[in-house]
Amino acid sequence: MNKVASYIVTGVLTLIFAGVMYYLCLPAWNIHSSGLVVFFIFVLIFAFFLLGWTGIRPMYQRKKYSKRKKGTVVMSTSFDVKQGASVAAVFVMAATGILVLFWILGGFFSSRLFHATAYSKILQVSDGAVTDIPSVDKTDAIALMDTASATKLGDREIGSLTDLVSQYEISSGDYTQVNIGNEPVKVAPLSYAGVFKWNNNKDKGIPGYVSVSPVNMDAEYIPLQEGMVYVPSAYFSQDLDRHIRFAYPTTIYDDLHFEVDEEGKPWYVATTYNYTIGLYGGKAVSGVILVNPMDGSMQKLAVADVPSWVDVVYPGGLICKQYNDSAQLQRGYWNSVFGQNGCRKVTEYSSDDDDEDSGVKADYGYIAKEDDIWIYTGVTSVNGDSSNIGFIVANERTGETKFIEASGADEFSAMKAAEGEVQEKRYVASFPSLITVEDVPTYIMVLKDKSGLVKMYACVNVSQYNIVATASNQDDCIAKYQALLQGKITAEQATGEGTPEAAVSEPAADTASYESRTITVAKLQTMDVDGNTYLYIVDAEGNVYKARYVDVEDMLFVNVGDVITIETDGVGYRYTRE
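Numbering (the working numbering), first residue to last: -10 to 567.
Just so you know, these hints were derived from the structure itself, not from any lab. Check each hint, because a few of them may be wrong.
Claimed, not checked - Using C-beta positions, here's what the derived DEER-type ranges look like:
| id | residue 1 | residue 2 | range |
| --- | --- | --- | --- |
| 1 | 442 | 525 | 35 to 45 Å |
| 2 | 516 | 113 | 37 to 47 Å |
| 3 | 79 | 110 | 41 to 51 Å |
| 4 | 226 | 409 | 46 to 56 Å |
| 5 | 230 | 6 | 57 to 67 Å |
| 6 | 543 | 114 | 46 to 56 Å |
Since this is a predicted model, take the numbers as computed values, not measurements. Idealized CB from N, CA, C, for every residue including glycine.
Could you build all of it, start to finish, from the sequences and the hints given here?
See below:
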């Protein structure tokens, strides 16, 4: 093969390879897309190897002749770059090296090392209050069900539909937490159970989706009048990612997920992004792409133009990552690595068997509030000491984020406390949600058996995670917890069987005879008595006063040596901060 033919063959095969690679990988044609650079690197590597096998390869070799003693002439070849280096191969190799260097340096100079302040300002965090946490009278807006439980209910619902179960399935990763009619709901579309099932059903599409209520703990299959054709589980031109990419070749998007509007119409939503720091840094939400999966019509919208029924524009994982940057990089990169003065982070868990990259990940719960879905997660020190210094709540539609100062146990300590109360049953707690009961921040969660079925509910006090109530239904659990906070029942009764009305109440303290007294605090001591926590005060004169902790929570702000005014009969006391 002559040189010209070799170049032609190499060029044609490289173009074919590039076309197949692009069709499969779908990188955005955008300078801020690192995937595009990787795409070109692989294409050039392919071209480089082709240059060695289509006729140019002999240019690397030089013939040598040697004469042996018996007069036999033997021809041999050896590699000699100097004699026959291909200009094309050298050019391709150099271009590949330049792209690799561009990719590495682009990432390096976009990193937090050089732009710590810019990263810390991507997410704007305002101060919140305990009133931003839903109160106990809004528990119908709390999504207690985790995705694993929703998947089991959804699978059970689909399994009962014999005409669907053989052709379609639901993946746990397909569920999205949305808010419909101000009630939290998990929704997931059916998906094709493989390429052959897609081929058999591609003309009519996906026939419906599943809606799971975390409040009622039930699932419902919603059939559609018109099937969804453009979906992630389809192939070739019906593949949703491919459909979006060909329509918006330069747009960087991610977090493609399923949602339902207020009329029950299905949509797919993809969040679009800009990179605001260097080439590959400062990932910031710019808007969404809405896709009608029935006819494939699409519209690209800025954040300000997103309709109110869309619940997830700012993914929870991105919010948590940006909050960590905000909380750790305000005093510079090196402080976040070494001194860590004032550094905080969201609640995290370690996992080695997730579908995503293994390692440490943020975890968060959901709250339905004001017709939007809010996420919440605890905030702790970077040392990870199993305690929280507060919480963040963030609106997944608008990105509004608030920090609420409320110290106490982290979510995983609360989960262990709840599991400990029913350890003989070996129930497992799901990740909790956050509510307030009697203006007290409280974790509420479900307890599941080995099969993943919800068996009980638990409430755990944030500031004192030894204050726990459990029951077989949510209403009784909250009622028991309220009675426990009010001192009407003991800790044993709060975690025992039966309703709170049937529990033996401890009589409330009679404060009619209390008089005002100013004392100097010499000592403070908590003590558990009959399942209730008491706070004892010893004043400078040696007098001892006691009260149930829940009745004197303002004592949290009192230190030894403070002069305070209490109401007391000489034994019991009440204290209210002025």
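*Which numbered hints does this structure break?*
Of the numbered hints, 5 and 6 do not hold.
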